[in-house]
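Colleague: Just so you know, the protein sequences line up as chains A and B, in that order. Quick note: UniProt numbering has the first sequence finishing at residue 554, numbered continuously throughout. Quick note: UniProt numbering has the second sequence finishing at residue 145, numbered continuously throughout.
By construction, these hints were calculated from the structure, which means they are not laboratory data. Just so it is clear, CB atoms sit at the ideal spot from N, CA and C, and this is done for glycine as well. Take these hints with a grain of salt, some might be off.
[Stated by the list, open to error] Some chain A residues well away from chain B (every beta-carbon gap over 12 Å; in silico):
(1) Val104
(2) Phe195
(3) Val204
(4) Gln396
[What the hints assert, rightly or not] Only some residues are given here: those of chain B computed to face chain A with a beta carbon under 7 Å:
(5) Pro53
(6) Thr61
(7) Val71
(8) Glu72
(9) Val81
(10) Trp84
(11) Leu93
(12) Ile96
(13) Pro98
(14) Asn120
(15) Pro139
(16) Lys140
(17) Val141
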Amino acid sequence: MPCLIQSPRFLLSHCLSPLPPNARAVFCGRLSHRSAAAALSSDAQTIASNQSSSCAPLPPPPSSEILSVRESLLSRRRTAAEIAEEYLDRLRRTEPQIRSFLHVSETVMREAEDLDRLVESGAELGPLAGVLIGVKDNICTVDMPSTGGSRILEGYRPAFDATAVRKLKEAGAIVIGKTNLDEFGMGSTTEGSGFQVTANPWDVSRVPGGSSGGSAAAVSARQCAVSLGSDTGGSVRQPASFCGVVGLKPTYGRISRFGLMSYASSLDVIGCFGSSIIDAAIILNAVAGHDRFDATSSMNEVPDYASCLISIDQFDSKPLKGLRIGMITETMGDGVDMGVVSSIKAAALHLEELGAVLTEVSLPSFSLGLPAYYILASSEASSNLSRYDGVRYGNQVAADELISLYGDSRAIGFGPEVKMRILMGTYALSAGYYEAYYKRAQQVRTLVRKSFKDALETNDILISPAAPSPAFRIGEKVNDPLAMYAGDIMTVNVNLAGVPALVVPCGFVEGGIVGLPVGLQMIGTSFSEEKLLRVGHIFEQTLQNHRFVPPLLA
Amino acid sequence: MSVTSAFGCGAAFLRHLSAGSRSGSTLILLRAGGAKPRPYSSSLARCAAPEPPDVSRLADTARISLTPEEVEQFAPKIRQVIDWFGQLQAVDLETIEPSLRADTDANTSQREDAPETFGNREAIIAAVPSYDNPYIKVPKVLNKE
Chain A
1 MPCLIQSPRF
11 LLSHCLSPLP
21 PNARAVFCGR
31 LSHRSAAAAL
41 SSDAQTIASN
51 QSSSCAPLPP
61 PPSSEILSVR
71 ESLLSRRRTA
81 AEIAEEYLDR
91 LRRTEPQIRS
101 FLHVSETVMR
111 EAEDLDRLVE
121 SGAELGPLAG
131 VLIGVKDNIC
141 TVDMPSTGGS
151 RILEGYRPAF
161 DATAVRKLKE
171 AGAIVIGKTN
181 LDEFGMGSTT
191 EGSGFQVTAN
201 PWDVSRVPGG
211 SSGGSAAAVS
221 ARQCAVSLGS
231 DTGGSVRQPA
241 SFCGVVGLKP
251 TYGRISRFGL
261 MSYASSLDVI
271 GCFGSSIIDA
281 AIILNAVAGH
291 DRFDATSSMN
301 EVPDYASCLI
311 SIDQFDSKPL
321 KGLRIGMITE
331 TMGDGVDMGV
341 VSSIKAAALH
351 LEELGAVLTE
361 VSLPSFSLGL
371 PAYYILASSE
381 ASSNLSRYDG
391 VRYGNQVAAD
401 ELISLYGDSR
411 AIGFGPEVKM
421 RILMGTYALS
431 AGYYEAYYKR
441 AQQVRTLVRK
451 SFKDALETND
461 ILISPAAPSP
471 AFRIGEKVND
481 PLAMYAGDIM
491 TVNVNLAGVP
501 ALVVPCGFVE
511 GGIVGLPVGL
521 QMIGTSFSEE
531 KLLRVGHIFE
541 QTLQNHRFVP
551 PLLA
Chain B
1 MSVTSAFGCG
11 AAFLRHLSAG
21 SRSGSTLILL
31 RAGGAKPRPY
41 SSSLARCAAP
51 EPPDVSRLAD
61 TARISLTPEE
71 VEQFAPKIRQ
81 VIDWFGQLQA
91 VDLETIEPSL
101 RADTDANTSQ
111 REDAPETFGN
121 REAIIAAVPS
131 YDNPYIKVPK
141 VLNKE
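All chains, please: the whole structure from these sequences, using the hints.
Modeller: Here is the structure:
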């Protein structure tokens, strides 16, 4: 793999050498616009026509879609309707291949036109005015079905918006639709959806990851600017890595869970996806904060997460000087794809070049986290999903008596993975087994929390891959639950500890059409999102060799 | 078995899986549990060994009507995962306090315990599958036993 930091002159000579076709199309195309959305609407040059010409320098690093929309609206350069039309167009064009949406809003254009009237009137615009967002379908939206990816809630329309959705709408955002997921968040591929399988925009024969696969794919394919997901055991971070987008899992309690369909209440968080760190930060600004409807939401003040993300022209020569980074030993050894290991090592080198000091750090009890997580998650799920009984909402199967109504509604409504996890959780919580399973898992949780705490005293942040492999093929792991669960090893400990983590695309491995993206996971102490975003932003803006726009958009 | 040797299991577990053989799963069970069979009679086991999962009974408890085919299909997978859970039995956790949740300082407030009228009652009622104002209808309740 070519090294990361290169002078522009070196890059020029690289243009004529065997680079992956997508990279060359991007290097050599006359893409001069700053925003990716604008770039997509211009013609990308073909590889053939450019082989003899001298190549333009690498296009600039990702910039904020949100700020670009805002600038367009305020300057009257574009209308909200034009912007919405462009996204809807791209969504419709790519949906047959990607299938990231379970429901597309019917009111997008009307909302955009309403916004245009507001712009005309000179009224103040919310920070997210005109921004198209996707919302994972386990997050309640009052004007659209919310199925949780499950047939048991097919057609269900909640009576309220989740707090995170309400806040985004209040900031002026337009919800373009509800994205696909593994049923109730249980899964790592989105193949567990009760409705459809979402494909990875980088290679449609591969999974986008899960459970927030639809939200990750939608942002990757630029069907929306940003999206909301949820992360219980890695469900934002792993798909972010698989789809080559930014994924943020905040501290437990940072964002209200009101309106998020509960899977495991002590682990669930709402997270977000964007094509740049700034966009993730702006979304976090909009949705973070205490909520009286979520007793587990934190009273901690919400800083302005985007304000410290300065332009690359203002960076020092060593912008990460003094930053102590610990690379987690257990995530870089056996069982991790060689390509992933080298991408993370390259990312580590890049961070060192920016001034950071890297050491290896070992987290004791790291691998115990995986079974502990599955015990806790299944147990809590078995309790949380008992509400889906066909009585007050969702699909009801007719029966002569009540127990059968419960049994049949749930048998027909739930998919196999959900059923299995409920059964495993029921077992683990059975009378007399608390000591053997649930309590032990809670004790492992204490060990994991402590080991992160200790490691984060001698390090400012920890880094690791977000998944042991790049996106694998659809159907590859469906029959082997343990093989599926093993892929969560990089992410579950973060949920057990409740700390925040950010995934930023850092490289590619071989596979697919032009390569498959790999994400770097950065972990911090509780409520250290500011630090993570700042480091992630500097990393992203100075990353020289890679641009993360999937081939189907070229 | 100490924590130190227990955490080696995860790496071995991953290695076998990445070797790509689905049929390797049986091997994994032995590795995940450690080299020796678990000493249930040792002082580390604070309780009697849990009974292996009876999927039909669990399905009853969880109120899910599984077909016999489903029971047959799920049983080996569930047993496999529960066995894998069992590796926690072999770890010495005697002095460790259980953590209810992450304790990220997130549980500090409760709202006032005063009833409020919810503004969108119609939507709640509209979602009820079987409604006969003001009742949510269910079929009769029979005592099974």
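Colleague: Decide, hint by hint, whether the structure agrees.
Modeller: Status of each hint after checking the structure:
Its beta-carbon lying about 21 Å from the closest one in chain B, valine 104/A satisfies the requirement of being farther than 12 Å from that chain. The claim that phenylalanine 195/A is not at the interface with chain B holds, since no C-beta of that chain comes within 12 Å of its own (minimum 19 Å). The claim that valine 204/A is not at the interface with chain B holds, since no C-beta of that chain comes within 12 Å of its own (minimum 22 Å). The Cβ of glutamine 396/A sits about 4 Å from the closest Cβ of chain B, inside the 12 Å cut-off, so the non-interface label is violated.
Proximity of proline 53/B to chain A holds as hinted, the smallest CB-CB distance being about 5 Å (cut-off 7 Å). At a threshold of 7 Å, the smallest CB-CB gap from threonine 61/B to chain A is about 5 Å, leaving the interface hint in force. Given hint, valine 71/B at the interface with chain A, is violated; its Cβ is 10 Å from that chain's nearest Cβ, farther than 7 Å. Taking 7 Å as the C-beta cut-off, the interface hint given for glutamate 72/B is violated, the closest approach to chain A being about 13 Å.
Annotation: valine 81/B was flagged as interfacial toward chain A, and the flag holds, the nearest CB pair being 6 Å apart, inside 7 Å. For the restraint placing tryptophan 84/B at the interface with chain A, the shortest Cβ-Cβ distance is roughly 6 Å, inside the 7 Å limit, so the hint holds. The restraint placing leucine 93/B at the interface with chain A holds, with a minimum CB-CB distance near 4 Å, inside the 7 Å limit. Look at isoleucine 96/B: its Cβ gets to within about 4 Å of chain A, closer than 7 Å, so that hint holds up.
For proline 98/B, the shortest C-beta to C-beta distance to chain A is roughly 3 Å, which falls under 7 Å, so the interface hint holds. With 7 Å as the threshold, the beta carbon of asparagine 120/B comes within range of chain A, its nearest partner Cβ sitting at about 4 Å, so the hint holds. Taking 7 Å as the C-beta cut-off, the interface hint given for proline 139/B holds, the closest approach to chain A being about 5 Å. Residue-level restraint check for lysine 140/B holds (minimum Cβ-Cβ distance to chain A is 5 Å; threshold 7 Å).
Nearest Cβ of chain A to the Cβ of valine 141/B: about 5 Å, under the 7 Å cut. The hint holds.
Violated hints, listed in ascending order, are 4, 7 and 8; each of the other numbered hints is respected by the structure.
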